[in-house]
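Visitor: Now for the letters of each chain:
2 protein chains.
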Amino acid sequence: MSAPDPTAYDKLADLSRELRYLKDAQAILGWDQEVNLAKKGVAYRAQQLAFLSGEAHQRFTREEVGDWLAEADQSAETLNPQQTANLAHWQREYQRATCLPLALVKKMAETQALAHEAWSQARAASDFSQFRQPLGELIELSKEQVGHWGYSDQPYNGLLDIYERGATVQQLDQVFDELKPDLIPLVEEACGRETYAPTELRGDYPIEKQTALNQEIAESIGFDFDAGRIDTAVHPFCTGLGPMDTRLTTRYDETDFRSSLYGVLHEAGHGMYEQGLDAEQHGLPTGDAVSLGVHESQSRLWENHVGRSLSFWEKWLPRAAHYFPQLSGLSAEQMYRACNQAEKTHIRVEADEVTYDLHIILRYEMEKAIFSGDLALDDIPAAWDEKFEQSFGLQVDTPANGCLQDIHWSMGGFGYFPTYSLGNLNASHLVAAARGSGSVAAAMDSGDYSPLLAWMREHIHQPGSLLAPEQLIETAAGSPVSSAAHLAHLSQRYLGN
Amino acid sequence: MSAPDPTAYDKLADLSRELRYLKDAQAILGWDQEVNLAKKGVAYRAQQLAFLSGEAHQRFTREEVGDWLAEADQSAETLNPQQTANLAHWQREYQRATCLPLALVKKMAETQALAHEAWSQARAASDFSQFRQPLGELIELSKEQVGHWGYSDQPYNGLLDIYERGATVQQLDQVFDELKPDLIPLVEEACGRETYAPTELRGDYPIEKQTALNQEIAESIGFDFDAGRIDTAVHPFCTGLGPMDTRLTTRYDETDFRSSLYGVLHEAGHGMYEQGLDAEQHGLPTGDAVSLGVHESQSRLWENHVGRSLSFWEKWLPRAAHYFPQLSGLSAEQMYRACNQAEKTHIRVEADEVTYDLHIILRYEMEKAIFSGDLALDDIPAAWDEKFEQSFGLQVDTPANGCLQDIHWSMGGFGYFPTYSLGNLNASHLVAAARGSGSVAAAMDSGDYSPLLAWMREHIHQPGSLLAPEQLIETAAGSPVSSAAHLAHLSQRYLGN
Chain A
8 MSAPDPTAYD KLADLSRELR YLKDAQAILG WDQEVNLAKK GVAYRAQQLA FLSGEAHQRF
68 TREEVGDWLA EADQSAETLN PQQTANLAHW QREYQRATCL PLALVKKMAE TQALAHEAWS
128 QARAASDFSQ FRQPLGELIE LSKEQVGHWG YSDQPYNGLL DIYERGATVQ QLDQVFDELK
188 PDLIPLVEEA CGRETYAPTE LRGDYPIEKQ TALNQEIAES IGFDFDAGRI DTAVHPFCTG
248 LGPMDTRLTT RYDETDFRSS LYGVLHEAGH GMYEQGLDAE QHGLPTGDAV SLGVHESQSR
308 LWENHVGRSL SFWEKWLPRA AHYFPQLSGL SAEQMYRACN QAEKTHIRVE ADEVTYDLHI
368 ILRYEMEKAI FSGDLALDDI PAAWDEKFEQ SFGLQVDTPA NGCLQDIHWS MGGFGYFPTY
428 SLGNLNASHL VAAARGSGSV AAAMDSGDYS PLLAWMREHI HQPGSLLAPE QLIETAAGSP
488 VSSAAHLAHL SQRYLGN
Chain B
8 MSAPDPTAYD KLADLSRELR YLKDAQAILG WDQEVNLAKK GVAYRAQQLA FLSGEAHQRF
68 TREEVGDWLA EADQSAETLN PQQTANLAHW QREYQRATCL PLALVKKMAE TQALAHEAWS
128 QARAASDFSQ FRQPLGELIE LSKEQVGHWG YSDQPYNGLL DIYERGATVQ QLDQVFDELK
188 PDLIPLVEEA CGRETYAPTE LRGDYPIEKQ TALNQEIAES IGFDFDAGRI DTAVHPFCTG
248 LGPMDTRLTT RYDETDFRSS LYGVLHEAGH GMYEQGLDAE QHGLPTGDAV SLGVHESQSR
308 LWENHVGRSL SFWEKWLPRA AHYFPQLSGL SAEQMYRACN QAEKTHIRVE ADEVTYDLHI
368 ILRYEMEKAI FSGDLALDDI PAAWDEKFEQ SFGLQVDTPA NGCLQDIHWS MGGFGYFPTY
428 SLGNLNASHL VAAARGSGSV AAAMDSGDYS PLLAWMREHI HQPGSLLAPE QLIETAAGSP
488 VSSAAHLAHL SQRYLGN
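Chains as they are written, first to last, in the numbering used here: chain A, 8 to 504; chain B, 8 to 504.
In case anyone wonders, no lab produced these hints; they're calculated from the structure. Hints should not be assumed to be uniformly reliable.
Note: identical chains are not told apart, hence a pair may lie in one copy or across any two.
[What the hints assert, rightly or not] EDC-like mimics (lysine to aspartate or glutamate), calculated; alpha carbons at most 20 Å apart, straight line:
{"id": "1", "residue 1": "30", "residue 2": "84"}
{"id": "2", "residue 1": "46", "residue 2": "124"}
{"id": "3", "residue 1": "46", "residue 2": "285"}
{"id": "4", "residue 1": "113", "residue 2": "21"}
{"id": "5", "residue 1": "18", "residue 2": "62"}
{"id": "6", "residue 1": "351", "residue 2": "74"}
{"id": "7", "residue 1": "394", "residue 2": "404"}
{"id": "8", "residue 1": "46", "residue 2": "287"}
{"id": "9", "residue 1": "394", "residue 2": "260"}
{"id": "10", "residue 1": "47", "residue 2": "231"}
{"id": "11", "residue 1": "30", "residue 2": "62"}
{"id": "12", "residue 1": "46", "residue 2": "238"}
{"id": "13", "residue 1": "114", "residue 2": "25"}
{"id": "14", "residue 1": "351", "residue 2": "238"}
{"id": "15", "residue 1": "18", "residue 2": "287"}
{"id": "16", "residue 1": "351", "residue 2": "396"}
{"id": "17", "residue 1": "375", "residue 2": "189"}
{"id": "18", "residue 1": "18", "residue 2": "80"}
{"id": "19", "residue 1": "46", "residue 2": "233"}
{"id": "20", "residue 1": "47", "residue 2": "233"}
{"id": "21", "residue 1": "187", "residue 2": "385"}
With the hints as constraints, model all of the structure from the sequences given.
Guide: Put into structure tokens, the structure is as follows:
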């Protein structure tokens with residue numbers, strides 16, 4: 008007896024896995040570009056990546072794929088829940104991919120490459136005029152793109168949906184309107200408190216000792232070094248190159264070991280999510296991380312809820328002092344306070360937990376205004392500075408510390424920033440739920456994070472993209488996400504109540 | 008006026024460049040596997056490489072490619088010499104590729120990736136039984152492959168031709184029959200001479216200082232670090248990932264800096280060949296290295312003719328002593344003698360120049376016997392040990408020092424080893440010719456290797472695969488290669504006459 012003919016669903020699953028081989032090849036080329044590639048190799052690498060993107064796009068947008076989708080849809084009642092979720096995902100992606108004209112796709116890629124270079128130079132020179140034109144083009148191309156996709160209510164919704172399926176202005180307005188009134192006084196109070204002076208920690212921290220401590224901690228919390236590694240890069244990131252191959256990067260400050268440590272904890276959080284996905288489902292949506300807002304919940308969780316907790320330092324300070332004897336005189340309480348200081352500063356990536364979301368709200372409001380047409384290109388720097396002063400009470404001295412600081416817009420990543428705040432809210436909401444389950448809280452408070460990881464594995468990692476992001480969080484936590492848990496966490500940590 | 012339709016040749020050239028994007032993606036996946044990949048990532052990497060091999064194979068073997076080849080052939084009189092060489096190359100490759108079943112291509116790639124892992128473990132455990140099964144599979148798959156291609160006289164000829172276009176058992180028997188009668192007495196005499204005892208150089212050589220010295224030397228001889236890098240791997244190798252991206256690896260012995268240094272000089276020789284290819288032609292045969300025998304001539308040239316010369320140590324000993332003060336008391340003459348000691352040992356990659364070709368002859372005879380059916384899989388270790396004792400007068404104590412020492416068979420690289428001896432002969436032949444040209448000899452003898460590199464750039468690197476290997480060497484040197492120059496070189500260096 009011969010094997011039955013593959014069904015339309017089988018063909019789609021095979022295609023999905025094949026496309027993933029190509030995407031994972033792109034991922035290693037991208038990882039290598041950040042970690043290893045010498046400068047003369049960059050131009051060819053860009054061509055090669057463009058070719059592979061085009062290949063993946065062409066394979067996916069073939070007419071027969073549309074036929075398979077229609078056919079699979081007709082026998083949808085034969086599919087199990089995983090298969091149903093995968094089919095819905097492919098339908099959505101196919102619809103989005105096939106309605107973009109090839110010329111627009113190419114123009115977008117080309118403009119992004121140029122804009123990235125222009126942004127680098129504009130930021131170095133702290134001169135918005137050098138970034139103005141490509142930024143304007145990317146905004147127009149993004150509008151064109153969402154015009155092809157279609158959107159409900161306003162174009163910005165179409166962009167938000169790229170990074171967080173189902174996210175809308177209406178929903179995010181609600182999130183931030185709920186968060187802001189309590190966050191602002193909390194920021195004021197936290198920033199006004201006297202804390203352990205961070206300068207006392209500055210000193211000499213040799214890189215190889217930082218590496219050894221980071222590795223010891225990452226391994227202890229559950230990052231599997233038999234299925235991944237940590238390298239050095241200018242901008243810390245995490246990327247999955249395959250179901251058993253997750254790469255983290257960090258950067259080192261030889262005067263403060265916390266820079267690389269918190270980089271590693273953050274990226275290891277992303278990495279453990281990747282390592283916790285169902286390897287059997289790799290290449291299918293159910294084997295993929297569900298959204299940036301959920302991904303960021305995992306990184307924030309390990310960086311902040313674990314890594315900046317008192318129990319973490321009770322456990323790890325002796326090891327840190329083993330590598331860095333200058334820490335021997337400190338108490339865990341002092342280290343805890345030194346790692347949780349609120350301060351209003353200009354740069355998002357250096358912000359503490361309590362001021363962080365103010366940076367995101369500013370960007371969200373800027374993007375809303377840009378895509379509703381209320382904010383013109385030339386007015387972006389002044390609008391940023393005005394908003395910043397309103398929120399932070401600080402003047403922006405120069406555009407490099409203002410609207411030029413982040414890479415995202417140069418990549419056309421409009422709608423990306425809000426996922427950082429969603430990540431913060433999700434992290435606090437999930438940690439609160441996990442702590443209410445079995446021995447998680449008691450274990451965490453004694454420095455044992457394995458029950459916490461097990462909980463995340465079961466409720467967040469293993470389902471992949473089976474559920475929509477909000478649904479996943481609600482199912483995992485038993486209630487929909489709100490800002491309550493996050494505000495309680497910040498208040499407890501920064502105000503001690 | 009619109010652009011004219013692309014010709015059949017143009018279509019083939021575009022395809023060739025596209026396939027190169029895929030092959031360069033495979034190259035980085037392979038490089039990464041040796042340098043970075045954690046063990047749980049190996050299985051997926053094997054599947055991914057198999058997929059990409061299959062992709063490249065399918066793209067190249069489409070029927071329309073055959074039509075383009077026929078069409079280009081019909082207007083062959085319109086092509087320039089580069090285009091003619093490219094077309095001939097594609098015709099030959101198409102003929103070979105179209106007669107291989109896709110399943111075999113994929114099976115080969117997958118088995119290679121798994122065999123590599125098995126070999127690593129088998130070598131570490133010095134246990135042939137762990138490598139036996141994948142080795143057997145690779146031998147059978149290779150036989151199947153040459154069966155599809157067809158071959159003249161015997162299957163091994165089909166394998167030899169992969170690495171050195173046109174090489175046959177008949178020709179190689181002739182090469183080795185010419186070399187052996189003079190080499191064997193030379194080995195005996197060289198190994199019998201009293202030399203500077205190498206143990207005097209053993210000491211403490213920190214890896215970071217070895218790295219710094221190697222980098223300084225590699226840069227000085229012409230390896231471009233803006234278009235490449237050096238990493239650490241179990242088995243030193245060089246791989247090109249793009250026209251401006253050449254990766255070298257070496258390994259470190261903390262008791263003897265020469266191990267990593269000569270590894271780097273060897274691989275930098277390969278690397279400078281890659282860096283010297285015409286970047287505009289990347290993706291076309293005329294932008295590719297022509298053969299392994301020519302590639303190896305470049306590595307041997309820098310490792311031995313340059314790196315083990317007296318003038319090299321006159322120039323570099325002071326820098327080496329700067330990094331390793333224990334070398335301060337040595338003279339350049341002593342170092343020269345210490346780096347040119349003939350000794351019969353077990354490991355090919357550590358062999359001196361004079362005994363080296365005996366290692367190759369052994370492997371060549373083993374492979375001939377395996378593919379003629381005279382040597383069974385299970386008899387390989389014993390046959391190796393017996394042949395080794397015959398040639399070297401030494402017993403093989405353990406398989407790691409015998410038939411498990413080399414990586415090549417784990418990659419299915421049967422027919423590869425003879426190119427090392429061809430490389431030795433080519434190197435000596437080319438150096439003799441280059442030294443007869445302009446200021447090359449005088450510059451070399453004063454430690455300036457830039458005229459030598461310029462000569463190789465012009466005569467060997469820039470032509471790519473325009474000519475067949477033997478033709479390239481003959482055109483460059485003004486006479487066909489023979490063993491004369493190599494024997495003269497060995498005799499001068501090891502016997503001083």
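Visitor: The structure should be examined with respect to each hint, and the outcome stated for every one.
Guide: Structure-based check of all given hints:
no.: 1; hint: 30 / 84; verdict: neither (30 Å within a copy, 42 Å between copies)
no.: 2; hint: 46 / 124; verdict: within (9 Å within a copy, 32 Å between copies)
no.: 3; hint: 46 / 285; verdict: between (37 Å within a copy, 18 Å between copies)
no.: 4; hint: 113 / 21; verdict: between (24 Å within a copy, 16 Å between copies)
no.: 5; hint: 18 / 62; verdict: both (18 Å within a copy, 17 Å between copies)
no.: 6; hint: 351 / 74; verdict: neither (55 Å within a copy, 68 Å between copies)
no.: 7; hint: 394 / 404; verdict: within (14 Å within a copy, 76 Å between copies)
no.: 8; hint: 46 / 287; verdict: between (38 Å within a copy, 17 Å between copies)
no.: 9; hint: 394 / 260; verdict: neither (29 Å within a copy, 57 Å between copies)
no.: 10; hint: 47 / 231; verdict: between (34 Å within a copy, 10 Å between copies)
no.: 11; hint: 30 / 62; verdict: both (10 Å within a copy, 14 Å between copies)
no.: 12; hint: 46 / 238; verdict: both (18 Å within a copy, 17 Å between copies)
no.: 13; hint: 114 / 25; verdict: between (23 Å within a copy, 16 Å between copies)
no.: 14; hint: 351 / 238; verdict: neither (30 Å within a copy, 41 Å between copies)
no.: 15; hint: 18 / 287; verdict: within (17 Å within a copy, 39 Å between copies)
no.: 16; hint: 351 / 396; verdict: within (11 Å within a copy, 76 Å between copies)
no.: 17; hint: 375 / 189; verdict: neither (22 Å within a copy, 80 Å between copies)
no.: 18; hint: 18 / 80; verdict: within (13 Å within a copy, 38 Å between copies)
no.: 19; hint: 46 / 233; verdict: between (30 Å within a copy, 6 Å between copies)
no.: 20; hint: 47 / 233; verdict: between (32 Å within a copy, 6 Å between copies)
no.: 21; hint: 187 / 385; verdict: neither (28 Å within a copy, 74 Å between copies)
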